[in-house]
Amino acid sequence: MFKKFENAVLAGIQSPIQRKMILFGTLVAFIFSILMIAPTKMVLAKMLPGKNNDTFTIYANLANGSSISQTKQVADCIITFVQQEKEVTDTEVFLGMGSPLDFAGLIKGSHFKNSENVAEIVLNLTKKHHREEPSYLMVQRMRPLVQKNCESLYADTVITFVEPPAGPPVLAAIVAEIYGRDAEGIRKLAARVSDVFKNTKGLVDVDIMQDEIYDTYEIIVDSTKVVRSGVSIKQLNDILYLAFEGMEIAVKNSDIYNDQVPIYLSLSEESKRFTKKDLNAVEIKLSSLKLMNNIGMMIPITELIHIIPKKSNPMIMSKNLHQMTNVMAETDMVSQVYPLMEARDVILNSFSDTYNIEKIGLFNLRLTEKSTMKVYELIWDGEMEVTLDTFVELGAAFIAALILIFLLMVIYYKSYTLSGIILLGSFLSIIGVIVGHFIMDIFSADTFFLTATSLIGFIALIGISSRNSLLLIDFTKSLMSEKGLHKAEAIAYATATRAKPIFLTAAAIILASTLLAGDAVFGGLGVALIFGTVAAVISSLVIVPVLLYMSDLEKHFHFHEKKAVSVFEP
Amino acid sequence: MTHHKPYEPKDFAGKLAKAFLRSPLTIVLGIFLLAIGYLALSIMPREENPQMVVSGSTVIVALPGASAAEIEKVIVRPLERKLKEVKGVENISGMAMDNVGIVNAAFFIGEEKEGSNLKVYDKIMQNSGMFPKGAMNPIIKPLDIDVDIPVVSVAFYSNNPNMSKTELYDKVKDIQHQINGLANVAVTEIKGGNKHQFNIEVDINKLSGYNLSMGQIVQAVQSLSYSVPAIKNRSQDNKIVMVGVKNAIENEKDVGNIIVAQYMDSPIYLNQIATVSGSYDIQNFKSVSISVQDKEGKFTPLQEQVTLSVSKLQGTNAVVIANAVKSELESYKESLKKNGISFVITRNDGERANEAVNELVFHLLLSIVIIAILLVFVLGWRESLIVTFTVPAILAITLFTAYLTGQTINRITLFAFLLSLGLLVDAAIIVIENIHRHYHSIESQHEDVDTLMIKATDEIGPPTNIATLAIIMTMVPMAFVGQMMGQFMKPIPANVPVALIASLFVAYIFTPYLAVRMLKKPDHSKGSH
Numbered sequence: 001m002f003k004k005f006e007n008a009v010l011a012g013i014q015s016p017i018q019r020k021m022i023l024f025g026t027l028v029a030f031i032f033s034i035l036m037i038a039p040t041k042m043v044l045a046k047m048l049p050g051k052n053n054d055t056f057t058i059y060a061n062l063a064n065g066s067s068i069s070q071t072k073q074v075a076d077c078i079i080t081f082v083q084q085e086k087e088v089t090d091t092e093v094f095l096g097m098g099s100p101l102d103f104a105g106l107i108k109g110s111h112f113k114n115s116e117n118v119a120e121i122v123l124n125l126t127k128k129h130h131r132e133e134p135s136y137l138m139v140q141r142m143r144p145l146v147q148k149n150c151e152s153l154y155a156d157t158v159i160t161f162v163e164p165p166a167g168p169p170v171l172a173a174i175v176a177e178i179y180g181r182d183a184e185g186i187r188k189l190a191a192r193v194s195d196v197f198k199n200t201k202g203l204v205d206v207d208i209m210q211d212e213i214y215d216t217y218e219i220i221v222d223s224t225k226v227v228r229s230g231v232s233i234k235q236l237n238d239i240l241y242l243a244f245e246g247m248e249i250a251v252k253n254s255d256i257y258n259d260q261v262p263i264y265l266s267l268s269e270e271s272k273r274f275t276k277k278d279l280n281a282v283e284i285k286l287s288s289l290k291l292m293n294n295i296g297m298m299i300p301i302t303e304l305i306h307i308i309p310k311k312s313n314p315m316i317m318s319k320n321l322h323q324m325t326n327v328m329a330e331t332d333m334v335s336q337v338y339p340l341m342e343a344r345d346v347i348l349n350s351f352s353d354t355y356n357i358e359k360i361g362l363f364n365l366r367l368t369e370k371s372t373m374k375v376y377e378l379i380w381d382g383e384m385e386v387t388l389d390t391f392v393e394l395g396a397a398f399i400a401a402l403i404l405i406f407l408l409m410v411i412y413y414k415s416y417t418l419s420g421i422i423l424l425g426s427f428l429s430i431i432g433v434i435v436g437h438f439i440m441d442i443f444s445a446d447t448f449f450l451t452a453t454s455l456i457g458f459i460a461l462i463g464i465s466s467r468n469s470l471l472l473i474d475f476t477k478s479l480m481s482e483k484g485l486h487k488a489e490a491i492a493y494a495t496a497t498r499a500k501p502i503f504l505t506a507a508a509i510i511l512a513s514t515l516l517a518g519d520a521v522f523g524g525l526g527v528a529l530i531f532g533t534v535a536a537v538i539s540s541l542v543i544v545p546v547l548l549y550m551s552d553l554e555k556h557f558h559f560h561e562k563k564a565v566s567v568f569e570p
Numbered sequence: 001m002t003h004h005k006p007y008e009p010k011d012f013a014g015k016l017a018k019a020f021l022r023s024p025l026t027i028v029l030g031i032f033l034l035a036i037g038y039l040a041l042s043i044m045p046r047e048e049n050p051q052m053v054v055s056g057s058t059v060i061v062a063l064p065g066a067s068a069a070e071i072e073k074v075i076v077r078p079l080e081r082k083l084k085e086v087k088g089v090e091n092i093s094g095m096a097m098d099n100v101g102i103v104n105a106a107f108f109i110g111e112e113k114e115g116s117n118l119k120v121y122d123k124i125m126q127n128s129g130m131f132p133k134g135a136m137n138p139i140i141k142p143l144d145i146d147v148d149i150p151v152v153s154v155a156f157y158s159n160n161p162n163m164s165k166t167e168l169y170d171k172v173k174d175i176q177h178q179i180n181g182l183a184n185v186a187v188t189e190i191k192g193g194n195k196h197q198f199n200i201e202v203d204i205n206k207l208s209g210y211n212l213s214m215g216q217i218v219q220a221v222q223s224l225s226y227s228v229p230a231i232k233n234r235s236q237d238n239k240i241v242m243v244g245v246k247n248a249i250e251n252e253k254d255v256g257n258i259i260v261a262q263y264m265d266s267p268i269y270l271n272q273i274a275t276v277s278g279s280y281d282i283q284n285f286k287s288v289s290i291s292v293q294d295k296e297g298k299f300t301p302l303q304e305q306v307t308l309s310v311s312k313l314q315g316t317n318a319v320v321i322a323n324a325v326k327s328e329l330e331s332y333k334e335s336l337k338k339n340g341i342s343f344v345i346t347r348n349d350g351e352r353a354n355e356a357v358n359e360l361v362f363h364l365l366l367s368i369v370i371i372a373i374l375l376v377f378v379l380g381w382r383e384s385l386i387v388t389f390t391v392p393a394i395l396a397i398t399l400f401t402a403y404l405t406g407q408t409i410n411r412i413t414l415f416a417f418l419l420s421l422g423l424l425v426d427a428a429i430i431v432i433e434n435i436h437r438h439y440h441s442i443e444s445q446h447e448d449v450d451t452l453m454i455k456a457t458d459e460i461g462p463p464t465n466i467a468t469l470a471i472i473m474t475m476v477p478m479a480f481v482g483q484m485m486g487q488f489m490k491p492i493p494a495n496v497p498v499a500l501i502a503s504l505f506v507a508y509i510f511t512p513y514l515a516v517r518m519l520k521k522p523d524h525s526k527g528s529h
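For the record, the sequence lines run as chains A and B. Read in the numbering used here, the first sequence has 521 at position 521, and its numbers run on one by one without any break. Read in the numbering used here, the second sequence has 289 at position 289, and its numbers run on one by one without any break.
Since the hints were made in silico from the structure, they are not lab data. For glycine and all other residues, C-beta sits at the position ideal for the given N, C-alpha and C. Any given hint could turn out to be false.
Among the chain B residues that face chain A by a calculated CB cut under 10 Å, a handful are [said to hold, decoys possible]:
1. Ile109
2. Lys191
3. Val288
4. Gln293
5. Glu359
6. Gly406
7. Thr451
8. Phe488
Start from the sequences, fold in the hints, and give me the full structure.
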């Protein structure tokens, strides 16, 4: 076995045809694996895949101005679906506020929730070891059902499914920040972008981060009448607030209770309700409220005011001093990169009727409205931004690692060629990483993504495979210098001898990584290490010897006095 | 190749091997390493995800009566400009609503928390004059992941339908105080439940019937709900005499009997025009409810509950705190049961962390066993045993270093260990393989065992050093990856290099030490491969 391999290597490196075949084959494999990522999308990239959790949360957001009983109705609707799930152990409904804070909620602003139109529903599931269906598939299955039935109860209701993130939390998978100078234009554009998202395959939970505009009534105070009647505007405001909102007008200290006991005054529930939502009903109700003036006369409030209907003031949002609105969407078990590109293409093609579109930066857009010449910008943020940053930074770390190793080798060998061979040999493990992801994708039920952890695995691989080549070259060197072997024989003998420890360490790495490969988050790292190591072994036992043979080893090893040995070269 | 003089090692690998090969302290060192590793494993705080340094502050300024557009101009914009001056701020987001403006400053990931909070606080305080007249004092809320995110939450619910709405809240409030007293608990918070309150619900028809205004009710109630401290006086023989004025309002009856006005000389009592009750806060629109799946697979109907959440101090062990809370709750179980109150633990990050950590520790052990079996087949069982011993020693050093540098045991740390496992047996395998080769080679059969060991170790030293250095080099740039992901993955560049360096030392010290005692020199007359 040992001798056979040695002879095979010896024959291989000395035959020019086989040498060329090996190198050509490597080149083809390399190009093929690169093609798998970029144009053909056979291997998909994503920052981190979904993680199987024991809990997730459903957020229900009704339109602003919705009442708590409407919110409760939506929450009850969701609960009827939750209660059909066998794997749910318990579920909690938080009406009008956020659930106890978690990582995802921290970024999504769950702790600031304090209004009648919001609810959060926490689902606790059975332990993941005893459950067949992973939480992300459960979410995927429940989402359309719940959204179809419960979002339709009231217009503009948005129900989103929030899972604990596998890695760092983000606002949403896809966030389109729409910047502009007037609120009206931003609102219009945001609505259009949100429509595009809703029609893009793979995007779910589309939401615009803005207040809906709803009908309100404004009380206009007739100041002349107020002054003439001997009352004050403060008095008028207080009475209105007392009557309908109610107020704690005094407190009572208590020995028994944990808090001070407030004394709360308001109109009774039956007497404060307006008969319906219109101007008349409001006026009738207000007419029975009276104010006492400074001489003890009772003045009906309606004498002093008139009421006009108006629209509510929506919240104005800004980021880094520019006014903006977010349009957010989650991805349904797919990478956010591809739906984003699709949505962007649709925007580029279909928005040109009213906007002039320019591309800025890598993916961002600048839209100029044709009729008004107002300028808006669409900037992508969220997981996309984080992914891009992470991949760029990890890419930079990868290049830095290559340079560092190259410098280290140059210091050690004092030769650029040898260092180059080691580097090239290590770099080729990328073929294994990509092909490995492709194979895993075929065998796993859902998409197996090339993730940030795959990149980390790849970076670690560079070190591992350069170690293989290094041990090989070092041994060749000592064989040539100490035993005076000929170059081809030395390479072949070294390759064959070193094959055993190389195989051993590779087997150790592969075995240690098989357990990694099963994890949702670190699966990419495991797969990268397993298949990358296989590629690294092939590269250091086949390609590196060929490259070594083709280089002028005696020169690179600095054998000045032993140059004579090469006379035996055939 | 054969040396007849004692072999002089050239590399530090050989020097280490030589120094420890016959030293009686080597075995002590080995035991010591394993002990500190075990110590670190048991006392290091455990958590599911690594701690991320995320800093940010939210400034909330209320200006009652102002519209969103006004708030934007007078509060949000000036505030945003001021916060922009703060160094280290990555994003500033502002929200202007009717009556209130909120500005949030998010710092770059990794900016130190205390310093960042102080900078924002300073900036606002220095410029407190910029807020408009009538604005309330700014509220500055720093973001604190440890304190803000609870590790345990418990839902209490009543099985007794007759229980009043406030009773559950009161009971939980008592428990909250006890749990807050446990070691390392930072914040406890109650969600849901209703507080006591006297409600005066006025009937608008009666109000207008008696020709009264709401203002009169306010005045009447306020004039009677005033309380004063007791009066202290002295008697003639210098004794202190305390005279206290009893509160006029003790219960809802007292409130109901307040005279609001006189009408034709007959008093009008509050309970004539309003329903007065001592009940719960009716204006609170928030509520929390729960539904639990019972053993038959049926869900209980949604019922009111009170959730108590507990968060921990930074750097403390979530597992310990969760267990402490759990056992504290157990002690109330009986008395709660008597009152018809049940509870469910709805979040237990401690348990989750412990499970994740234990699962990974198990994976780690499994990997070691698998590698050991592999080595038995290739190298023989003695060699395999030697390599297998080096692994816990290396992991022990790495764990202890992690403990000293203030890290916690979390998923990522353990993944870093799993990742390095494949790499760190390398050095030992290479050394043992070379020893094995020398042992079985005919050239070295006349050398004594010690020299052979040192030579075999020394020979492989330089390339192993440089190769390990190469792997460490690949990890170094990863430490500089910024953003959330960089923070999240930090345990990998922090621990893998340590493990690799430890693997070199352990391989050079312990592999020859164990080999000399465990391996038998083959009889070359039988021949070898």
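We went through each hint and held it up to the structure:
no., hint, in the structure
1, Ile109, "8 Å, holds"
2, Lys191, "7 Å, holds"
3, Val288, "5 Å, holds"
4, Gln293, "6 Å, holds"
5, Glu359, "9 Å, holds"
6, Gly406, "20 Å, violated"
7, Thr451, "18 Å, violated"
8, Phe488, "5 Å, holds"
Hint check: violations occur at hints 6, 7; the rest are consistent with the structure.
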